[in-house]
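**Student:** Can you make the complete structure from the sequences, with help from the hints?
There are 2 protein chains.
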Amino acid sequence: MPFDFTPLFPASLPPPAVRWAGAPKYNFVGGNNDPGEVPLDGLMAAAQSVLQREGRTLATYGLNSGPQGYRPLRDFLSTKLKRDAGMTCSADDILIVSGSLQALDLVNSALLARGDTVIVEKDNYQGSLNRFTRLGVTAVGIPLDKGGMRMDALEAALQDLKARGVTPKFIYTIPTVQNPTATILDESRRARLLELADAYDVPIVEDDCYADLVWSGERPRAIHAMSQSDNVIHIGSFSKSIAPALRVGFVVAPWAVMSRMLALKTDAGSGALEQMVLAEYCAAHFGTHVPALRKGLRKKVETLMEALNEQFGTAAEFDDPKGGIFLWVKLPDNVDSLKLYQAALKEGVAINPGPEWSVDKDHSKSRIRICFASPSHQDIREGIAVLADVCRREFGVPTRSSNVAKA
Amino acid sequence: MPFDFTPLFPASLPPPAVRWAGAPKYNFVGGNNDPGEVPLDGLMAAAQSVLQREGRTLATYGLNSGPQGYRPLRDFLSTKLKRDAGMTCSADDILIVSGSLQALDLVNSALLARGDTVIVEKDNYQGSLNRFTRLGVTAVGIPLDKGGMRMDALEAALQDLKARGVTPKFIYTIPTVQNPTATILDESRRARLLELADAYDVPIVEDDCYADLVWSGERPRAIHAMSQSDNVIHIGSFSKSIAPALRVGFVVAPWAVMSRMLALKTDAGSGALEQMVLAEYCAAHFGTHVPALRKGLRKKVETLMEALNEQFGTAAEFDDPKGGIFLWVKLPDNVDSLKLYQAALKEGVAINPGPEWSVDKDHSKSRIRICFASPSHQDIREGIAVLADVCRREFGVPTRSSNVAKA
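First to last, the sequence lines map onto chains Y and F.
Mapping to full-length UniProt numbering: the first sequence position 218 is 218, numbers consecutive.
Mapping to full-length UniProt numbering: the second sequence position 276 is 276, numbers consecutive.
Hints in this document: simulated from the structure, not taken from any laboratory.
Careful, some of the hints might be misleading.
Coverage of chain Y stretches by chain F, computed from C-beta distances (three or more under 8 angstroms per stretch; other residues unrestricted) [claimed, not checked]:
1. 16-30
2. 35-49
3. 127-137
Covered by chain Y, according to a simulated footprint, are these stretches of chain F (three or more residues, beta-carbon under 8 angstroms) [said to hold, decoys possible]:
4. 16-22
5. 28-38
6. 53-67
7. 110-122
8. 218-226
9. 243-253
10. 265-271
Here the structure is a predicted model, which means the values were calculated and not measured.
Using N, Cα and C, we set each Cβ at its ideal position, and we do this for glycine too.
**Tutor:** Next comes the structure, spelled out in structure tokens:
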């Protein structure tokens, strides 16, 4: 008679996971990257040289670098963040973490308590929204336009909260290639955001995970770089620029917050081999690898946009993104993207339904997120054709595809 | 004027960390290993071959293996756990985690709520005790003797709790090279433990992190292997057998618990490169590497025991351990190990004071944990001599060292 663990589970536990059944054939979900763009030779050479030189430090937790992570990787980041994002921070201001998701967990644990309120872009990263929900934190959504978070709406929300006696714990923003809208907040809006943050005494959490993937290679200065009052916690990652299965991200934070995050980071350090290999590789090759990666991603999104135009015609509305790995697509109002998601999955096509990526379930009902970095060009074309067929069968749209009228 | 984050911190937050000041000269704390025993050539070769063959899968979260971790590593573990520990489990029963600390967090989160009670060995791993404290869980300590957890005392505690209407959520045990006592629970006690667990309807969490380091190479069957009712969650690690800075551990659990842990593991997978390199290396070399490592560790502990005998004489009491990386030492009753810890640290010697490794602060007051794997033989001798000097200065003992009477 097997022991029954069920009565032991606390009531607050999330529902159980289902068994993994393998990836769908046409996989347009998850922040996966292009397998062809993994810099294998460079990573292999980096592994050899760094292990040869200092592999024996693997015998020590945290290497010889202490709890904030491998020092040469923090040194690389300090230089990179200055060069690319205009940020002034030293290795001592940087904490290496096991992917930016751990950064979110540490920031949330250090600052949030049940019942708190945060401000977020209305359409947002599912992983962040789910975290706030699990913590019992209210996420107030600010609408976006083609320029990202609307500052008039942010000001109104701050005023409204203040009138109700609510001080949000922080403004969580993905300003550079926003997830899922792919919008980029320009520097004038960033300046306004900082003014509002100062005026209402609310700090900012800047999630900059996609910032390396702006097609032009030119990104606005980080909000962290523009702040005069050290009120910005900055989060980044190597998942999008090198490889997502390497779980290496980072947080830049003032010591007041850093010292609290360190006290909460009771994992005896993040994976050392990945940190060592990344530091070795990136110091020499980051600057040439990433532009090549961006070119490949740009070609992928062009294939995706062509396929959508061909298969959906005017039924699929989207803006040509300025960077990233996903497209946020508006389908006709009668399309329920949660139903479309279920129906498409049965045909081997995985997409993200809008309501899972937004605090506004009505606004996002007919929207979907399509990740384009991982599937091949051919799979993008085939998968979007299947998606259009499913959508037509379920919702009667698109009525035309491949320039042919459909029943 | 810098932004003040202080008012934002929730009241429940642990105290802030202090800035890392580097490792002490004589470092007898932490589960660090012998730098000379890191199998560098093997790890380099493994990195090359596995990256060459399947490195492109790094572009996909979780590789092609799903959320339970890199499949070849789980396959290796399935075989290893059968061979070494007598366990019958398939890759589907195994979850790869970012070090066994994440395993503890997931097990605790899946099973514990504030106010719960667990049963533990009285002297215990600080990381586990701290976790229970932070969660607001009462840890009831069971005394140990030379054979590990005393089953008569466990039975009495279970009876006592039952009489008080308390059902412990689980019995947490480190049965094979217990931390810090280095005791090994033999199979007859394991059988009795399972009887008691069945009788009182309490499951067991078996933390087997040190089990590879039994000098003889022969370990009792895992409690998991002996259970008839699938009531054991088994935790293991590669930190002690390969290298601690690689953050790779694992949990074996029935699906009822596994599915809950998976729902709680929202980190998008554990580090893939470390999993890949370990799987590649271990499949070929684990069986030859670990016996060599054990030999080296045995020599280290012999140096430590000689140094203690020479410097402390009869003032230091300990049992010759049957494996592991630490020694649990009893000093004379007047020694306050928390004070000794502070004084020794000033002289560059780090030890673990007993009260941080026990639920019984009186019992552990004059005890210390000394980790011997990382320091060189010379540093062990020098560090123990400094420790004896500090101890004599602070507490008047040992009165003799190096066979010479001291003032």
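**Student:** Mind checking, does the stretch 265-271 of chain F have 3 or more residues with a CB under 8 angstroms from chain Y?
**Tutor:** holds (count 6)
**Student:** Would you check chain F against the stretch 16-30 of chain Y, counting CB to CB pairs closer than 8 angstroms, and say if three or more residues qualify?
**Tutor:** holds (count 8)
**Student:** If you look at each residue in the stretch 28-38 of chain F, do at least three have a Cβ nearer than 8 angstroms to any Cβ of chain Y?
**Tutor:** holds (count 9)
**Student:** Three or more residues of the stretch 110-122 of chain F near chain Y by CB distance under 8 angstroms?
**Tutor:** The restraint on the stretch 110-122 of chain F holds, since 4 of its residues have a Cβ under 8 angstroms from chain Y and three suffice.
**Student:** Within the assertion that chain Y covers the stretch 53-67 of chain F, do at least three residues meet a Cβ-to-Cβ distance smaller than 8 angstroms?
**Tutor:** Contact hint for the stretch 53-67 of chain F vs chain Y: holds, 12 residues under 8 angstroms.
**Student:** Verify this for me: three or more residues of the stretch 243-253 of chain F with a beta carbon less than 8 angstroms from a beta carbon of chain Y.
**Tutor:** Coverage by chain Y holds here, the residue count being 6 at a Cβ distance below 8 angstroms.
**Student:** Taking a Cβ-to-Cβ distance below 8 angstroms as contact, does the stretch 35-49 of chain Y have at least three residues touching chain F?
**Tutor:** Since 9 is at least three, the answer is holds.
**Student:** Take the stretch 218-226 of chain F, compare each residue's beta carbon with every beta carbon of chain Y, and decide whether three or more fall closer than 8 angstroms.
**Tutor:** violated (count 0)
**Student:** Taking a Cβ-to-Cβ distance below 8 angstroms as contact, does the stretch 127-137 of chain Y have at least three residues touching chain F?
**Tutor:** holds (count 3)
**Student:** When I compare C-beta atoms, does the stretch 16-22 of chain F have three or more residues closer than 8 angstroms to chain Y?
**Tutor:** holds (count 6)
Going down the numbered hints, you'll see the structure goes against just number 8.
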